[in-house]
Amino acid sequence: MKKKILIFGGTGTLGSNFLIKLKNKYDLVCNFHKTKIFLDQIKYFKIIDKIFNEKQVIENIKKIKPNIIINFAAETNIDYCEKNPKISEKTNLILPKLLSHICKKTNIKFIHISTDQFYNINKKFKNEKDKTSKINIYSKHKLEAEKSIFKNTKKSVIIRTNFFGHSIYDDKSINKIIKKIKFREKLFLFDDYYFTPIYTFELINIIEKIIDRNINGLFNIVG
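Under our numbering, the first residue of the sequence shown carries the number 887, and numbering increases by one thereafter.
Bear in mind the hints are in silico, worked out from the structure with no lab data behind them.
Each hint should be verified, as a subset may be incorrect.
Claimed, not checked - Below, simulated EDC-like cross-link-like pairs (lysine to aspartate or glutamate); rule was C-alpha separation at most 16 angstroms, straight line:
| hint | residue 1 | residue 2 |
| --- | --- | --- |
| 1 | K990 | E945 |
| 2 | K1020 | E1030 |
| 3 | K889 | D1098 |
| 4 | K890 | D913 |
To be verified - Label pairs and their in silico Cβ distance ranges:
| hint | residue 1 | residue 2 | range |
| --- | --- | --- | --- |
| 5 | N1061 | K951 | 28 to 38 angstroms |
| 6 | N939 | K969 | 41 to 51 angstroms |
| 7 | K1068 | E945 | 44 to 54 angstroms |
| 8 | D1016 | K972 | 28 to 38 angstroms |
| 9 | P971 | L925 | 31 to 41 angstroms |
| 10 | N993 | F931 | 15 to 25 angstroms |
| 11 | M887 | K1068 | 37 to 47 angstroms |
| 12 | N910 | P1083 | 21 to 31 angstroms |
All C-beta atoms, glycine included, are put in the ideal place defined by N, C-alpha and C.
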């Protein structure tokens, strides 16, 4: 029998690639927010409206009866989060905190995609025990979310990562980079950004192993 997985953030870069790659392996249900990816195998269910009503969310999740909830949802534009901290807080902190609390109540495994933006800039490779820092609004909310998740339920996985891959949206960075290279246009990037990103499908392969082996804990997953 296929594991039933409830997905939040299924139309983002990582979430959409997860749906495309594993649509035949798992019974996937995607929380409908604004956009749908039209795949025959995917079921959609509007679980959360604009207001996060815990009782309503629990009732909707009980109707679906998932074995696992994966949260790919995030507001990842760092500059936007700095200018709009309340929006960042709602997506990057309040939502994962709510979902982990519900998972504790309903005995559902919770997998949360976090970030690598907790470390001060230096070129030393980091591990899960290294000291973290709240270097911006985005990382502040993501780190607070991690603490809430492990406080709520030990039956969870937190993945600290930074990824790249094709998006369903043309304005995403990797799509713009490929387009500019294709048409031999000038490309302006960064010289003050240190990270070790992983290709989305490689990351999904690892998430798949975490699901199949029923692993819990905190993991740095990089390229």
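Hint-by-hint comparison with the structure:
1. This hinted pair checks out: K990 and E945 have alpha carbons roughly 14 angstroms apart, not beyond 16 angstroms.
2. Under the criterion of a C-alpha separation no larger than 16 angstroms, the hint pairing K1020 with E1030 is consistent with the structure, at around 9 angstroms.
3. A distance of roughly 9 angstroms separates the Cα atoms of K889 and D1098; the hinted pair therefore holds under the 16 angstroms criterion.
4. Of the pairs offered as hints, the one joining K890 and D913 holds, with about 5 angstroms between alpha carbons and a cut-off of 16 angstroms not exceeded.
5. Our hint of 28 to 38 angstroms for N1061 and K951 holds, since their Cβ atoms are close to 36 angstroms apart.
6. The given range of 41 to 51 angstroms is broken by N939 and K969, whose C-beta atoms sit roughly 28 angstroms from each other.
7. Distance hint check: the CB atoms of K1068 and E945 are about 48 angstroms apart, consistent with the given range 44 to 54 angstroms.
8. Checked against the given bound of 28 to 38 angstroms, the beta carbons of D1016 and K972, roughly 30 angstroms apart, stay inside it.
9. At roughly 34 angstroms, the beta-carbon separation of P971 and L925 lies within the given 31 to 41 angstroms, and the hint holds.
10. One distance hint, 15 to 25 angstroms for the beta-carbon pair N993 and F931, holds here, with the actual separation near 20 angstroms.
11. Hint check: M887 to K1068, Cβ distance near 44 angstroms, so the stated range 37 to 47 angstroms holds.
12. Checked against the hint of 21 to 31 angstroms, the pair N910 and P1083 passes, with Cβ atoms roughly 27 angstroms apart.
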